[in-house]
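*Asks:* Chain by chain, the residues run as shown.
There are 10 protein chains.
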Amino acid sequence: MVQAYVFIQAAMGKPSAVAEALRGLPEVKSAVVVTGPYDVIALIEAPDLQALGRVITEKIQTIEGVERTLTSLVTGI
Amino acid sequence: MVQAYVFIQAAMGKPSAVAEALRGLPEVKSAVVVTGPYDVIALIEAPDLQALGRVITEKIQTIEGVERTLTSLVTGI
Amino acid sequence: MVQAYVFIQAAMGKPSAVAEALRGLPEVKSAVVVTGPYDVIALIEAPDLQALGRVITEKIQTIEGVERTLTSLVTGI
Amino acid sequence: MVQAYVFIQAAMGKPSAVAEALRGLPEVKSAVVVTGPYDVIALIEAPDLQALGRVITEKIQTIEGVERTLTSLVTGI
Amino acid sequence: MVQAYVFIQAAMGKPSAVAEALRGLPEVKSAVVVTGPYDVIALIEAPDLQALGRVITEKIQTIEGVERTLTSLVTGI
Amino acid sequence: MVQAYVFIQAAMGKPSAVAEALRGLPEVKSAVVVTGPYDVIALIEAPDLQALGRVITEKIQTIEGVERTLTSLVTGI
Amino acid sequence: MVQAYVFIQAAMGKPSAVAEALRGLPEVKSAVVVTGPYDVIALIEAPDLQALGRVITEKIQTIEGVERTLTSLVTGI
Amino acid sequence: MVQAYVFIQAAMGKPSAVAEALRGLPEVKSAVVVTGPYDVIALIEAPDLQALGRVITEKIQTIEGVERTLTSLVTGI
Amino acid sequence: MVQAYVFIQAAMGKPSAVAEALRGLPEVKSAVVVTGPYDVIALIEAPDLQALGRVITEKIQTIEGVERTLTSLVTGI
Amino acid sequence: MVQAYVFIQAAMGKPSAVAEALRGLPEVKSAVVVTGPYDVIALIEAPDLQALGRVITEKIQTIEGVERTLTSLVTGI
Chain A
1 MVQAYVFIQA AMGKPSAVAE ALRGLPEVKS AVVVTGPYDV IALIEAPDLQ ALGRVITEKI
61 QTIEGVERTL TSLVTGI
Chain B
1 MVQAYVFIQA AMGKPSAVAE ALRGLPEVKS AVVVTGPYDV IALIEAPDLQ ALGRVITEKI
61 QTIEGVERTL TSLVTGI
Chain C
1 MVQAYVFIQA AMGKPSAVAE ALRGLPEVKS AVVVTGPYDV IALIEAPDLQ ALGRVITEKI
61 QTIEGVERTL TSLVTGI
Chain D
1 MVQAYVFIQA AMGKPSAVAE ALRGLPEVKS AVVVTGPYDV IALIEAPDLQ ALGRVITEKI
61 QTIEGVERTL TSLVTGI
Chain E
1 MVQAYVFIQA AMGKPSAVAE ALRGLPEVKS AVVVTGPYDV IALIEAPDLQ ALGRVITEKI
61 QTIEGVERTL TSLVTGI
Chain F
1 MVQAYVFIQA AMGKPSAVAE ALRGLPEVKS AVVVTGPYDV IALIEAPDLQ ALGRVITEKI
61 QTIEGVERTL TSLVTGI
Chain G
1 MVQAYVFIQA AMGKPSAVAE ALRGLPEVKS AVVVTGPYDV IALIEAPDLQ ALGRVITEKI
61 QTIEGVERTL TSLVTGI
Chain H
1 MVQAYVFIQA AMGKPSAVAE ALRGLPEVKS AVVVTGPYDV IALIEAPDLQ ALGRVITEKI
61 QTIEGVERTL TSLVTGI
Chain I
1 MVQAYVFIQA AMGKPSAVAE ALRGLPEVKS AVVVTGPYDV IALIEAPDLQ ALGRVITEKI
61 QTIEGVERTL TSLVTGI
Chain J
1 MVQAYVFIQA AMGKPSAVAE ALRGLPEVKS AVVVTGPYDV IALIEAPDLQ ALGRVITEKI
61 QTIEGVERTL TSLVTGI
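Protein chains in written order, with UniProt numbering: chain A, 1 to 77; chain B, 1 to 77; chain C, 1 to 77; chain D, 1 to 77; chain E, 1 to 77; chain F, 1 to 77; chain G, 1 to 77; chain H, 1 to 77; chain I, 1 to 77; chain J, 1 to 77.
A portion of the hints provided could be inaccurate.
As the list claims (entries may be wrong) - Below, simulated SDA-like cross-link-like pairs (lysine to any residue); rule was C-alpha separation at most 25 Å, straight line:
1. E:LYS59 / B:MET12
2. G:LYS29 / F:GLY13
3. B:LYS29 / C:LEU25
4. E:LYS59 / E:ALA17
5. B:LYS29 / D:ALA46
Said to hold, decoys possible - One-sided and incomplete, this derived list gives chain H residues near chain G with beta-carbon spacing under 8 Å:
6. MET12
7. GLY13
8. VAL33
9. ALA46
These are calculated hints, taken from the structure and not from any lab test. Please read these numbers as outputs of a predicted model, since none were measured by experiment. Built from N, CA and C at the ideal position, the CB exists for glycine as well.
Please work from the sequences and hints to get the whole structure.
*Replies:* Now the structure itself:
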């Protein structure tokens, strides 16, 4: 299992809608609206890096209101 | 009660209108047009973080002329 | 209860030691070494913002190897 | 009377001490430790811009633990 | 009297037109096209900060070709 | 097997020495001195993310002349 | 033969399609979707710098979904 | 005679066309497509700073495909 | 005669001393402590670009407390 | 033959000395002190990329006063 944090810049007024859409995805363990330079932070899990890559590019990046994503892999040390 | 500063980048020519709209919100304690890298700085208050989150994403970010917001929570130490 | 993500830039060679020291703090729910622009990401919890502020400035920032911290509050919406 | 926000980057572990030292200055109306890209935000007041400039460069910038300051003038519109 | 430098990013091909429009404003003491990260730098004067704020947001930011402005107040020390 | 690109900022005059030291590590598939914002780019491989994390923080970051590292995981899609 | 890494920022949802289109080009030795500040990293080869320049500006930059490219030349030391 | 380097960010797929258009201008001594954070670098010459300013804002910035320019004056020491 | 604005980042507590030292140089027409991302802004004049270059690198950059300078040439259009 | 521009950030007061040292190297076709975000720009030539890499890392980066270098390869299209 691989884990990653995904930092999301959302369109104005959209952070809650984006967080809610994220929470509808099985791979998303948590998705919260936050303060600071990012609008939403999601913790996601996938069987391997390939599956993780697809979740980010095909599911998360296509949610309406998502403007930019930055992914940080959990190395587990 | 939680407090936060919200730094706002406004569209060209809109800072005063944005500040005025902000001052119409009950949660906004002060909203001023400033010099420097941001255009408007608001000091807001809400009963808890959830309410604060909603004020920012549903009220402030939807004001016409607001292009980007960055929120700094007051930790009170 | 308030939650926050703390993004940490660590000195070269120190991320694991920083993550380990973080995991020794009761307020730290998780602390992992990550890839990307930050070295370590911690999820912390405290009774209120004041307590949260003290954990960050008095406990986390004083761990040997911590060079910069950036805190993102979970707004819970 | 002129007002300004001063955003302060503090040395690791020093934000509380810096905020406390700031609150000891008569020109400082408020000084709080915050989350986000800055560590401390002060609201200051002075009779005119000259006095304001001196407070920042001769009083605030010489507080132990202050690494960088960025000042935003309140224009009052 | 308060003075400020206003750094202006202009649309491609527009710096001279922007500088010329600026020079038509009574509050503008000088406005020149420059090299470096900004396109035009204006030195402006106003009776007080409120008037200065209005010149920037209502007159300068509404000149055709002005994309971003950054204002630096002269503290006079 | 997981793969990652590690972008390295090296001290002045050290890129070749850093690249050479990297090529001495079994996990490093290639390490080259490059032009552009980074000085050296390494392609590394490890059995899993934990092993990858250790290579980066305990082996690569402790090479003399390595000032900063930024890791990009290959997702394989 | 000259080699270069090309870091690519892709439109939301497009990294996989961009990587796939890249892998269709004979000059592209590898093209992978990655985590971190870039979306796709390609390793390309060309007989000389002129040919390399044309591959980047006429083939890679015209792939649908490519928003920005940054090229790092392999110096081979 | 004054000399300046002009760093140009070009639209995707346009660097060669921009460089070619530049080479058609008498004031342009050289214009080449480059790797790194800029797309094209031109070396230009003009009788004085005023003429130089006009070449940049009226000729170079109006070439189709030029998105941003940054000018560095040669001081000749 | 050539004119330039020099933006100066000063060490903490030093802006006034730097501005004062600058005002002692014949080539400096004005030097003021300012708010915003820079600490001091000087307007300088020299017979030609060579002389201007020497004023910046040999006189201004060697003033105690000057950490970084960024020069913007006045093109006069 | 390969050509590259090398943008150099120099220590305060050192640009002229750095430019002079550069002009002493056979591979350096021109080296000038400039205004803007860099201090010195050199145009260098070498038989191939390997030789170019060595000139930058072993000769240019070891000149006293050179703090950072950024290299842009001329692609010749």
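*Asks:* Determine for every hint whether it applies to the structure shown.
*Replies:* Here's how the hints hold up against the structure:
Restraint check for LYS59 (chain E) and MET12 (chain B): satisfied, since their Cα atoms lie roughly 10 Å apart, inside the 25 Å limit. A C-alpha spacing of about 30 Å is found between LYS29 (chain G) and GLY13 (chain F), which places the hinted pair above 25 Å, so the restraint is violated. Distance hint between LYS29 (chain B) and LEU25 (chain C) is unfulfilled; the C-alpha atoms sit about 36 Å from each other, more than 25 Å. Distance restraint check for LYS59 (chain E) and ALA17 (chain E): the Cα-Cα separation of roughly 15 Å lies within the 25 Å cut-off, and the hinted pair is therefore satisfied.
Under the criterion of a C-alpha separation no larger than 25 Å, the hint pairing LYS29 (chain B) with ALA46 (chain D) is consistent with the structure, at around 21 Å. Because the beta carbon of MET12 (chain H) sits about 4 Å from the nearest beta carbon in chain G, less than 8 Å, this interface hint is met. The interface hint given for GLY13 (chain H) holds, since its Cβ lies 4 Å from the closest Cβ of chain G, which is under the 8 Å cut-off. Given hint, VAL33 (chain H) at the interface with chain G, holds; its Cβ is 5 Å from that chain's nearest Cβ, closer than 8 Å.
For the restraint placing ALA46 (chain H) at the interface with chain G, the shortest Cβ-Cβ distance is roughly 28 Å, beyond the 8 Å limit, so the hint is violated.
Figure legend: structure checked against the earlier numbered hints; hints not met, in rising order: 2, 3 and 9.
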